[in-house]
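Listed in order, the protein sequences are those of chains A and B.
Residue numbering for the first sequence is 1 to 311, as defined by the UniProt record's numbering.
Residue numbering for the second sequence is 1 to 258, as defined by the UniProt record's numbering.
Any given hint could turn out to be false.
Under the rule of at most 27 Å between Cα atoms (straight-line distance), these lysine-lysine pairs were calculated in the DSS-like manner [claimed, not checked]:
1) A:K57 with A:K217
2) A:K283 with A:K271
3) A:K251 with A:K271
4) B:K170 with A:K57
5) B:K24 with B:K170
6) A:K268 with A:K284
7) A:K271 with A:K248
8) A:K72 with A:K214
9) A:K136 with B:K24
10) A:K305 with A:K268
11) A:K133 with B:K24
12) A:K283 with A:K239
13) A:K225 with A:K31
14) A:K115 with B:K24
15) B:K170 with A:K136
16) A:K116 with B:K24
17) A:K286 with A:K271
18) A:K225 with A:K251
It should be emphasised that the hints constitute simulated quantities derived from the structure, not laboratory data.
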Amino acid sequence: MKTSNAVEVRNLTKTFNNNIVVNNVSFDVKKGEVFGLLGPNGAGKTTTLRMMTTLLKADSGSVKIFGHDTRKEGRLSRSMFGLTGQYASVDEDISSRENLMIFSRLNGLSRTDSKKRTVELLEEFSLVDSADKALKNFSGGMRRRLDLAVSLITRPKLIFLDEPTTGLDPRTRSQMWETVRNLVANGSTVVLTTQYLDEADQLADRVAVIDHGKLVKIGTPSELKEQVGGTNLNFTVNKLDQVNTAVKLAKEQTGTLVNLTNQQINVKLAKIDQLTPLLVDLKKSKISISNLTVQEPSLDDVFMKLTVGKN
Amino acid sequence: MDVQTHRGNLIMNTATMAYRNLLKTIHNPDRFMDVIIQPVMFMLMFGYLFGGAVAGNVKNYLPTIVPGILIQTMLSAASGSGSQIREDLDSGVFDRFKSLPMAHIAPLAGQLFADILRLVIAAITSLTTGYLMGWRPIAGFGWVVVSGLLAIFSGWALSWVFALVGLLAKNATTVESLSLVTMLVLSFLSNAFIPIKTLSKTMQVIAYMNPITYVITAIRQILATGSLTHEALLVLVFGIGIVVVFAPLTVWAYDRNN
Chain A
1 MKTSNAVEVR NLTKTFNNNI VVNNVSFDVK KGEVFGLLGP NGAGKTTTLR
51 MMTTLLKADS GSVKIFGHDT RKEGRLSRSM FGLTGQYASV DEDISSRENL
101 MIFSRLNGLS RTDSKKRTVE LLEEFSLVDS ADKALKNFSG GMRRRLDLAV
151 SLITRPKLIF LDEPTTGLDP RTRSQMWETV RNLVANGSTV VLTTQYLDEA
201 DQLADRVAVI DHGKLVKIGT PSELKEQVGG TNLNFTVNKL DQVNTAVKLA
251 KEQTGTLVNL TNQQINVKLA KIDQLTPLLV DLKKSKISIS NLTVQEPSLD
301 DVFMKLTVGK N
Chain B
1 MDVQTHRGNL IMNTATMAYR NLLKTIHNPD RFMDVIIQPV MFMLMFGYLF
51 GGAVAGNVKN YLPTIVPGIL IQTMLSAASG SGSQIREDLD SGVFDRFKSL
101 PMAHIAPLAG QLFADILRLV IAAITSLTTG YLMGWRPIAG FGWVVVSGLL
151 AIFSGWALSW VFALVGLLAK NATTVESLSL VTMLVLSFLS NAFIPIKTLS
201 KTMQVIAYMN PITYVITAIR QILATGSLTH EALLVLVFGI GIVVVFAPLT
251 VWAYDRNN
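Could you put the whole structure together from the sequences, leaning on the hints where they help?
In structure tokens:
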């Protein structure tokens, strides 16, 4: 069965104690992309992910992994993806080598292949030096690395990551991003949940914003940003008597509202092309400006606009 | 390299899971402390406290109390499996087991097979303590081993019941207190420490309803007669029955445990 989608989610719904946690959510994840599920805490991201990975039964709706229905072909679909949960799902009491060995064997690798794969992954995730130490003494970053390594034992074409960088320091975080990019470069599809907007922005090809169990918006990060619209231009007029002229020029050039606070001017540009003519006009009128900043809308703006504050 | 995977089979998965649990125990040898300290303590306290009152002297009391404490220790070792499973389930590592293409009974069976080591250590400790206190069963060493094996098997069968409790309970603390109560009630309301005929009529009825009574009787008979008696075979069949009924139940509980 050929399909260009790695995952197809249709009308997924889950209720806990009369609380609709996931409400009729549908989307597709294309092969080879990084798909981000973005939403505030408690929005239903993890519940959605748990249903996609067969850990949780949906009340209604369906999930197909590479065309296979997870309910009808559970075992087959489970063999086609790797999962890294929100909480490190590795054994605390045993070493990383033992963890990798055991999970290799459970994934059906022979003893020889398991040993080989274990060594490969220990090297790939720079865990060789601590391979035989008990995990209790591991840092959060090492634990996550091992966790991810375990999910990659079978080189799955599809990888689910539930909040992969929550609680990590900036360095480990960018290491994790690098790893995810490498996975995709090698042809894997990645589905991740995150509450960090910069993470979605950095990694995801497409983002689904979830709020209160509903899918609010889906698209590329730039599409979502266009929704909020406009680039923010800020500058300060150095001389007080030139402020009014500057405001007039800005209004003429952009045709939009111009905000003025003291000597600082804020203009919302519909297009970035409007910037140069405005600067030329200011120069012609000999208005000197400083502190010029141009700000693209961030996913933060998208997030604030799309999600309702409650969480 | 392309990784060759095949559908792991049930026996291999269970063996791997048992290996995992063994590793966990070996890395934490203090997990054996309860099954070592408890039988030694009970054997010494009960032997020297009640030996005179129940049987005239300590030596005469030993044939009664050694099988009794052996089975009591099996009960408490078996109940440990329940809280261990609960702890594991809460740790997040079971999410991964569930997402793997393997049989759902493997993680549970693996735990229970690995726990046989605990049962073996518990049995050896109980019997050795008895020996050191002067216990010399007439049937001889061979039959002591047989009775030990029957005790271990009974304990293992019961560990499936405790596994189910572990899966259904809310947290490990609940399982532990529940197990302690069960262990105390079952071992004291039986013939573990006293001859049943010394009990009142009502208490005798209760003691005869307690399955533990039959296991202890079977073991005493093996040690006294040096043969596999009718009772011993009954215990064996009943134990197999428990596993056959409870193994599917634990898988059902495991699957609904979301």
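Taking the hints in turn, this is what the structure says about them:
1. A distance of roughly 24 Å separates the Cα atoms of K57 of chain A and K217 of chain A; the hinted pair therefore holds under the 27 Å criterion.
2. About 20 Å separates the Cα atoms of K283 of chain A and K271 of chain A, which keeps this hinted pair within 27 Å; it holds.
3. Distance check on the hinted pair: K251 of chain A and K271 of chain A sit about 14 Å apart at the alpha-carbon level, within 27 Å; holds.
4. Distance check on the hinted pair: K170 of chain B and K57 of chain A sit about 20 Å apart at the alpha-carbon level, within 27 Å; holds.
5. At roughly 23 Å between alpha-carbon atoms, K24 of chain B and K170 of chain B fall within 27 Å of each other, so this suggested pair holds.
6. Taken as a hint, the K268 of chain A and K284 of chain A pair is honoured in the structure, with Cα atoms around 22 Å apart against an allowance of 27 Å.
7. In summary, the hint linking K271 of chain A to K248 of chain A is supported, as the alpha carbons are separated by about 19 Å, within the 27 Å threshold.
8. The straight-line distance between the Cα atoms of K72 of chain A and K214 of chain A is roughly 26 Å, inside the 27 Å bound, and the hint therefore holds.
9. At most 27 Å may separate the alpha-carbon atoms for a hinted pair to count; K136 of chain A and K24 of chain B meet this at roughly 12 Å.
10. The hinted pair formed by K305 of chain A and K268 of chain A meets the criterion: a straight-line CA distance of about 16 Å does not exceed 27 Å.
11. For the given pair, K133 of chain A sits about 13 Å from K24 of chain B by alpha-carbon distance, which is consistent with the 27 Å threshold.
12. For a cut-off of 27 Å, the pair hint linking K283 of chain A to K239 of chain A stands: about 14 Å separates their Cα positions.
13. The hinted pair formed by K225 of chain A and K31 of chain A meets the criterion: a straight-line CA distance of about 24 Å does not exceed 27 Å.
14. For the hint linking K115 of chain A to K24 of chain B, the alpha-carbon distance of about 19 Å falls within 27 Å, and the restraint holds.
15. The hinted pair formed by K170 of chain B and K136 of chain A meets the criterion: a straight-line CA distance of about 25 Å does not exceed 27 Å.
16. Distance hint between K116 of chain A and K24 of chain B is fulfilled; the C-alpha atoms sit about 23 Å from each other, no more than 27 Å.
17. Distance hint between K286 of chain A and K271 of chain A is fulfilled; the C-alpha atoms sit about 24 Å from each other, no more than 27 Å.
18. Proposed proximity of K225 of chain A and K251 of chain A is supported: the alpha carbons are some 24 Å apart, at most 27 Å.
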